[in-house]
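Going down the list, the protein sequences come from chains C and Y.
First residue of the first sequence: 1, per this note's numbering; consecutive thereafter.
First residue of the second sequence: 1, per this note's numbering; consecutive thereafter.
Treat the hints with care, as some may be off.
Claimed, not checked - With a straight-line cut-off of 25 Å between C-alpha atoms, the simulated DMTMM-like cross-links for lysine to aspartate or glutamate are:
hint, chain 1, residue 1, chain 2, residue 2
1, C, Lys305, Y, Asp162
2, Y, Lys305, C, Glu106
3, C, Lys305, Y, Glu198
4, C, Lys305, Y, Glu106
As the list claims (entries may be wrong) - To give a feel for the contact side, a few chain C residues facing chain Y, derived at Cβ under 10 Å:
hint, residue
5, Leu8
6, Val184
7, Asn188
8, Gln191
9, Ala226
10, Ala230
11, Phe262
12, Leu267
13, Gly296
14, Lys305
15, Gly306
Simulated from the structure, these hints should not be mistaken for lab results.
As the structure is a prediction and not an experimental result, all values here were calculated from the model.
Note that the Cβ used here is the ideal one computed from N, Cα and C, for glycine as well.
Number of protein chains: 2
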Amino acid sequence: MKRDDDVLVHEVGTRDGLQSIDTIFTTDGKMEWIRREAAAGVPQIQVGSFIPPKLLPQLADTPEVVRQSLEIPDLIVSALVPNLKGAENAMIAGVHQVGVVMSVSEAHNQSNVRRSTQDSIDDFARIVEHRNANSDYKDIVVSGGMATAFGCTISGSVPVSDVMRVAEGLVARGADRLNVSDTVGYANPGQVRALFEELYRTVGTDIPVGAHFHDTRGLGLANVFAALDAGVREFDACLGGLGGCPYAPGASGNIVTEDLVFLLESLGLKTGVDLDGLLEAREIMERQLNGEPVQGTFVNAGLPKGFVAAA
Amino acid sequence: MKRDDDVLVHEVGTRDGLQSIDTIFTTDGKMEWIRREAAAGVPQIQVGSFIPPKLLPQLADTPEVVRQSLEIPDLIVSALVPNLKGAENAMIAGVHQVGVVMSVSEAHNQSNVRRSTQDSIDDFARIVEHRNANSDYKDIVVSGGMATAFGCTISGSVPVSDVMRVAEGLVARGADRLNVSDTVGYANPGQVRALFEELYRTVGTDIPVGAHFHDTRGLGLANVFAALDAGVREFDACLGGLGGCPYAPGASGNIVTEDLVFLLESLGLKTGVDLDGLLEAREIMERQLNGEPVQGTFVNAGLPKGFVAAA
Numbered sequence: 001m002k003r004d005d006d007v008l009v010h011e012v013g014t015r016d017g018l019q020s021i022d023t024i025f026t027t028d029g030k031m032e033w034i035r036r037e038a039a040a041g042v043p044q045i046q047v048g049s050f051i052p053p054k055l056l057p058q059l060a061d062t063p064e065v066v067r068q069s070l071e072i073p074d075l076i077v078s079a080l081v082p083n084l085k086g087a088e089n090a091m092i093a094g095v096h097q098v099g100v101v102m103s104v105s106e107a108h109n110q111s112n113v114r115r116s117t118q119d120s121i122d123d124f125a126r127i128v129e130h131r132n133a134n135s136d137y138k139d140i141v142v143s144g145g146m147a148t149a150f151g152c153t154i155s156g157s158v159p160v161s162d163v164m165r166v167a168e169g170l171v172a173r174g175a176d177r178l179n180v181s182d183t184v185g186y187a188n189p190g191q192v193r194a195l196f197e198e199l200y201r202t203v204g205t206d207i208p209v210g211a212h213f214h215d216t217r218g219l220g221l222a223n224v225f226a227a228l229d230a231g232v233r234e235f236d237a238c239l240g241g242l243g244g245c246p247y248a249p250g251a252s253g254n255i256v257t258e259d260l261v262f263l264l265e266s267l268g269l270k271t272g273v274d275l276d277g278l279l280e281a282r283e284i285m286e287r288q289l290n291g292e293p294v295q296g297t298f299v300n301a302g303l304p305k306g307f308v309a310a311a
Numbered sequence: 001m002k003r004d005d006d007v008l009v010h011e012v013g014t015r016d017g018l019q020s021i022d023t024i025f026t027t028d029g030k031m032e033w034i035r036r037e038a039a040a041g042v043p044q045i046q047v048g049s050f051i052p053p054k055l056l057p058q059l060a061d062t063p064e065v066v067r068q069s070l071e072i073p074d075l076i077v078s079a080l081v082p083n084l085k086g087a088e089n090a091m092i093a094g095v096h097q098v099g100v101v102m103s104v105s106e107a108h109n110q111s112n113v114r115r116s117t118q119d120s121i122d123d124f125a126r127i128v129e130h131r132n133a134n135s136d137y138k139d140i141v142v143s144g145g146m147a148t149a150f151g152c153t154i155s156g157s158v159p160v161s162d163v164m165r166v167a168e169g170l171v172a173r174g175a176d177r178l179n180v181s182d183t184v185g186y187a188n189p190g191q192v193r194a195l196f197e198e199l200y201r202t203v204g205t206d207i208p209v210g211a212h213f214h215d216t217r218g219l220g221l222a223n224v225f226a227a228l229d230a231g232v233r234e235f236d237a238c239l240g241g242l243g244g245c246p247y248a249p250g251a252s253g254n255i256v257t258e259d260l261v262f263l264l265e266s267l268g269l270k271t272g273v274d275l276d277g278l279l280e281a282r283e284i285m286e287r288q289l290n291g292e293p294v295q296g297t298f299v300n301a302g303l304p305k306g307f308v309a310a311a
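Make a model of the complete structure from these sequences and hints.
And the structure:
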C-alpha cells in the first residue's frame, strides 16, 4: 500500500453522473466541464463509457469526447467498458486507462451483463491480451473494477473471500490496477478498512488500488477516511454529486468531488486540486442541468477560517 | 477509554435543533417527540436549556419539559446551562445531567458569554460546589463542555494544548464527564482521532468523554468513526438533523441521529435504539415544523439488504 501523502482524485461525474440523469449534455458542454476541471488540477477524468449508444444516449459521443480530452495537457483520460468489444473501441479511441467493470456478486453480474463473474474475469483476460497484442496500446492501463464488493442489492452480503477471489483472478490475468466499488452504497467504514487491509495482504502492495464509494447512506466520506487508513490513495468522485439525491428513495450518488478534495486537504494529503477552480467547474456543469439536483456541503460552507491546504 | 461495544446516543435536537429554528414547538409537541424517541431506546435526551426565556423563546418551557421528561422510565434527562444561575435552575428542576458549555477559544467565549474561558472554568467550579453542597443533588452529573475544540469561526485554528488545558481545568474542578464540541463544523477525522487520543492521555480513561459534531462540511460521520477509533463511546446527535441545512450558506446542523445510529449498528456497536421507532419520532418532529428543512440519508435509503444489527 502507498504510504505517501499524494492522493489521486479521479472524476467520474462525466460518466457515472451523466449516465444517471435524463439531461443529455452536448459534446461542447461536456468538454467545457472537463477542460475546467482538468485546469483545476484534477489529474484523471473518466470521460465516458464504451457501450452501445442506444443503451446510454448520454454517453453516445464518448469517442469524440475522448478525442478532445486527449488534447488536454497532462490529463489522464479514462473510460469505462463493460466487455472486450467496449475495450477494443476504447483502445481505438486512444484512452489512457480502460476501466473494466464486473460485479463480485454473481446475481448482480448476471442481472447487469447476463454472464457469470467468472465469464467476466475470462473476458478481462482477453482485454489484457488485446492490449498486449498491439504495441500501440502498450501504455494503456487496464483497471479491474469490482462492483458490489461491500454488498449487493440482490443477494445482500458479499463474502470478503469472494472479493479476494475476484481480485486474485484479475491480478493473475494482468490487471494493472484494481478498483473496489460500492455502487449500491452499502459499505460502512469498519468494513472498508478491513476489506482493503485484507486486499493488500492478498494481492500485495505493488498494484495500485482505487476506491469508488457512493454516499447513499451518508457514509461516503467516512469510508474514504477508513480506506485511507488502509493505504488507499486513489478515489473516484463526482463533481456536485451529480446523479444522486439524498431526498429521493433509492438515490445512490457518488461521493462529491469537492467535498472529497476538502477532506483530503484537511487531512494534510495532497491532491493538486484547486478548490476554487473545482467550484467553477461545478457551475459549468450545473448550468447545463434541467432541474436535476446537485449535492455537496463544501460549495456552501467554504473553507474553515485559517484553513491551510497541503503544500 | 471505553473499549466495549456499547455506545450512548444523546439526542440534542430538542435543544440544539429547536434553538436553531424559528418555529416554537408547544410543550405537548416536544413531549410527544421526546416520549417517542425515548420509547425507541434513545437513552439520554437534552430536553432544553436553562437560559433567560427572552433569549430563546423556543426553550422557555424547559422547566416543564424537564418535569414531564423525568416521568419517562429510564430516560436520562439532560439540559444545557451557560452559567451558575442556569445550573441552579436546572438542579431545582431535577435534571439528571447538567451540560455546562464554554468555548476553548477566548474570542468565541467572550463573544458568546462575555467572559474569559478561565472565568467560565471558575464558574464551572462553583457549579460543582453547588451540586456538592446539596445532598439532593448528589446524583446529578455535571458535564464540562468544550466548544470550538477543533477550530473557531473568529480566531481560526485552536491549539490542542488549549483544549488540554481547559480539559484539565474542568477535571480538576470536579467534572464528572467531558464533552468535546465542534459546533462550528471545522473538525476533520484526522484531527478528531489525534485530539481524543491526546485527551485520553491527558485526563486518563476513567472519565467519560463525549463528542458533539456538526455536519457543516459533510464530515460529521467520518468524525464519529475517527472518535470511535480513539475510544469515544458517547455522541450527541439531532433527529433529522434539525436546525441545519446543507443547501444554505453558513448552515451548521448537528449530525443526524438516525444516520449516526445506522453507522454505529453497521459497525457492530450496540446503541439499544430501534431505527423504525426513531423514524416515527422523526415524523412526529417533522410535522410540527413550518417549512424548516430536515436532513439525513437513512430515512430515504433504509437498511441495506441482509443488514444485521448488533445483537
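We went through each hint and held it up to the structure:
| no. | hint | verdict |
| --- | --- | --- |
| 1 | Lys305(C) - Asp162(Y) | 18 Å, holds |
| 2 | Lys305(Y) - Glu106(C) | 16 Å, holds |
| 3 | Lys305(C) - Glu198(Y) | 23 Å, holds |
| 4 | Lys305(C) - Glu106(Y) | 16 Å, holds |
| 5 | Leu8 | 19 Å, violated |
| 6 | Val184 | 8 Å, holds |
| 7 | Asn188 | 4 Å, holds |
| 8 | Gln191 | 8 Å, holds |
| 9 | Ala226 | 7 Å, holds |
| 10 | Ala230 | 13 Å, violated |
| 11 | Phe262 | 6 Å, holds |
| 12 | Leu267 | 4 Å, holds |
| 13 | Gly296 | 7 Å, holds |
| 14 | Lys305 | 4 Å, holds |
| 15 | Gly306 | 2 Å, holds |
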